[in-house]
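A.B. asks: Go by the hints and put chain X onto chain R.
Chains as they are written, first to last, in this note's numbering: chain R, 1 to 228; chain X, 1 to 288.
Everything labelled a hint here was simulated from the structure, so no lab data went into it.
Keep in mind that a hint or two might mislead.
Chain X regions said to be covered by chain R (calculated; three or more residues, Cβ under 8 Å) [claimed, not checked]:
{"#": "1", "segment": "8–16"}
{"#": "2", "segment": "42–55"}
Under 10 Å between C-beta atoms, here's a sample of chain R residues computed to sit facing chain X [claimed, not checked]:
{"#": "3", "residue": "Asp41"}
{"#": "4", "residue": "Ala43"}
{"#": "5", "residue": "Leu55"}
{"#": "6", "residue": "His119"}
{"#": "7", "residue": "Trp122"}
{"#": "8", "residue": "Ala127"}
{"#": "9", "residue": "Val132"}
{"#": "10", "residue": "Arg133"}
{"#": "11", "residue": "Gly139"}
{"#": "12", "residue": "Asp156"}
Quick caveat, the model's predicted, so the values are computed rather than measured.
Every residue, glycine too, gets a C-beta built ideally from N, C-alpha and C.
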Amino acid sequence: MICNPFGQEYLRAHRSLRELAGRLADAGFHVLRFDYRGGGDSAGEPGEARVEGWLEDTAAALDEVRETAGSARAALVGLRLGATLATLTARQRGGVEALVLWDPVTEGDTYRRELRAAHRTWLADRARGAAVRDDEVLGFSLSPALAADLDRLSLDGAAAVPARRALVVSSDEDDGTRAAWSGAASASVERRRFPPAPVWLHAEGMERSLVPGELLDFVTAWLGGACP
Amino acid sequence: MRERALLFGERKSLVGVVTEPAAPAPPERPAVLFLNAGVLHRVGPNRIHVRLARELAHHGFVSLRFDFSGLGDSRLRADSTPFAQAAVAETRQGMDVLAASHGARKFLLVGMCSGADNALRAAGHDPRVAGASLIEPYSVPASGFLLYSYRKKILNPLSWWRLLRGRSEVLATLKERPTATPAAPVATTEESLVPSREELVRQVRGVLGRGGELCFVYCAASPAYFNYLSILRREVRGALREGRARLHVLKRTDHVFTPLAAQETLVAAIREWALAAAGRLASAGHRA
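Here chain R stands alone, though its shape is the one from the complex (with noise of 0.2 Å):
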């Protein structure tokens, strides 16, 4: 099951794990994308948009999932919130069989503080003259309901990785769940750092988009080696 990012990296990231679902796929997994609420093609609207819901639509997906696979044994890659999203139903759910982080958010505070500055960034640079207004990041609503439910969500203060094999592939040298993940929990866990990939960068003809062929490659061969 694959969980996708929020906003304006929901839509950068959209062809990326179209992309690993087709390479899932082809190496004997069943697939399922998904849009929360508010969403992508999901009914409701961004600003009644909440973390609770989202968590309920992520273990819906993983309950259909499992149903429509005939199988109990589940596997949840997730990218940046949605990495945070698969974690903790995960933990709710128990029983996965592996997890896939990739980028993963693990403080939802600095998260929304990174999207306050890139919204700030992207106006002065692009919409001079745009009010900033505390609702909205980078083109989507973020309702004070959601930007306290971000500040509270952490992947912090697990004891335990709630999978049986895990893997975090990061951009980054402190992917974040170094600190979530201390001492023995940490050990079960596998890290691969890539390289920043321009994941919706595109060919300048609109034949075909660029897509991070290395990495996806990467944790679809390491999610048939964890589920065999």
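C.D. replies: Chain X only, in chain R's frame:
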């Protein structure tokens, strides 16, 4: 309002979502198609296509937002048809879908950035297109390097790493993997996708000449708007007077309407345009 996902096209390889009003649309009401903006999938920049589709459904319009081959969830084409040509063919297939499912006979196309170029192109190829909303179309290559670098900027958005962390991904790539070759840009074919000045004029004359409706939406700072002023203004003057053409120039926004306030204005502009176009089509139908 109801939404339904579907696969269509010759190989059932195109992915789309139909949004329909709660009550059946009157048969003379045009159906609406949303075309991909750049490489963004069918939800559109900042999910604006979803918002527009739902808003229009509340006003009685059925619509389809879908992914061209190789974009979003749609598979790559099996043949080597150039993108611009494929986009026209696939837009027409999208119209066929709504003609079969909802009896739609006339269509309004909504396109942003490259979607606007494709909308205008498709309008020239299919008389069922009654109008097109052209939002921030690419600019024709008219003012040299400045324009080129602007287009590069809007065509090559940043990855989320750079977006969020303010880092240069090229530098980071080189620093971290000195022996690796960064993903090489593909040879540019962009110029062939952007209509020439003559082509643009011919396309606009074509739509207006047969009584079609055009809605131009620009952000004030964009080179595309200067194209409008220097190339199109005199072409659309008559249609503007008759109300068959509209012009909106938005300030304090970027090319993809990032500020929510700009999105509000955009949604209202498209809604009012679609309603006015539908009204004129209905009265033309009654006269006939």
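A.B. asks: Close enough to count: is the Cβ of Arg133(R) nearer than 10 Å to one in chain X?
C.D. replies: With a minimum Cβ separation of about 7 Å from chain X (threshold 10 Å), the hint on Arg133(R) holds.
A.B. asks: Gly139(R) was flagged as interface toward chain X. Is the shortest Cβ-Cβ separation under 10 Å?
C.D. replies: holds (3 Å)
A.B. asks: Is the hint on Trp122(R) kept, meaning its closest Cβ partner in chain X is under 10 Å away?
C.D. replies: Trp122(R) check passes; min Cβ-Cβ to chain X is 6 Å, inside 10 Å.
A.B. asks: Hey, does the Ala127(R) contact hint survive, CB to chain X under 10 Å?
C.D. replies: At 4 Å from the nearest chain X Cβ, Ala127(R) passes the 10 Å test, so the hint holds.
A.B. asks: Min Cβ distance, Asp41(R) to chain X: is it shorter than 10 Å?
C.D. replies: Cβ of Asp41(R) sits 6 Å from chain X, so the hint holds.
A.B. asks: Holds or violated: Val132(R) as interface residue toward chain X, Cβ cutoff 10 Å?
C.D. replies: holds (9 Å)
A.B. asks: Would the hint on Ala43(R) be counted as holding, given a Cβ-Cβ threshold of 10 Å to chain X?
C.D. replies: Holds - the Cβ of Ala43(R) comes within 10 Å of chain X, reaching about 8 Å at its closest.
A.B. asks: Has the segment 42–55 of chain X got at least three residues whose CB is nearer than 8 Å to a CB belonging to chain R?
C.D. replies: holds (count 6)
A.B. asks: Any CB of chain X closer than 10 Å to the CB of His119(R)?
C.D. replies: holds (8 Å)
A.B. asks: So, as I understand it, the hint says Leu55(R) touches chain X; can you test that by seeing if any CB pair is closer than 10 Å?
C.D. replies: Violated, because the Cβ-Cβ distance from Leu55(R) to chain X comes to roughly 21 Å (cut-off 10 Å).
A.B. asks: Does Asp156(R) meet its interface restraint, that is, does its C-beta lie within less than 10 Å of any C-beta in chain X?
C.D. replies: Where the cut-off is 10 Å and the nearest Cβ of chain X is about 20 Å from Asp156(R), the hint is violated.
A.B. asks: Under 8 Å between beta-carbons, do enough residues of the segment 8–16 of chain X, three at least, approach chain R for the coverage claim to hold?
C.D. replies: violated (count 0)
Of the numbered hints given earlier, the model fails hints 1, 5 and 12; all others are met.
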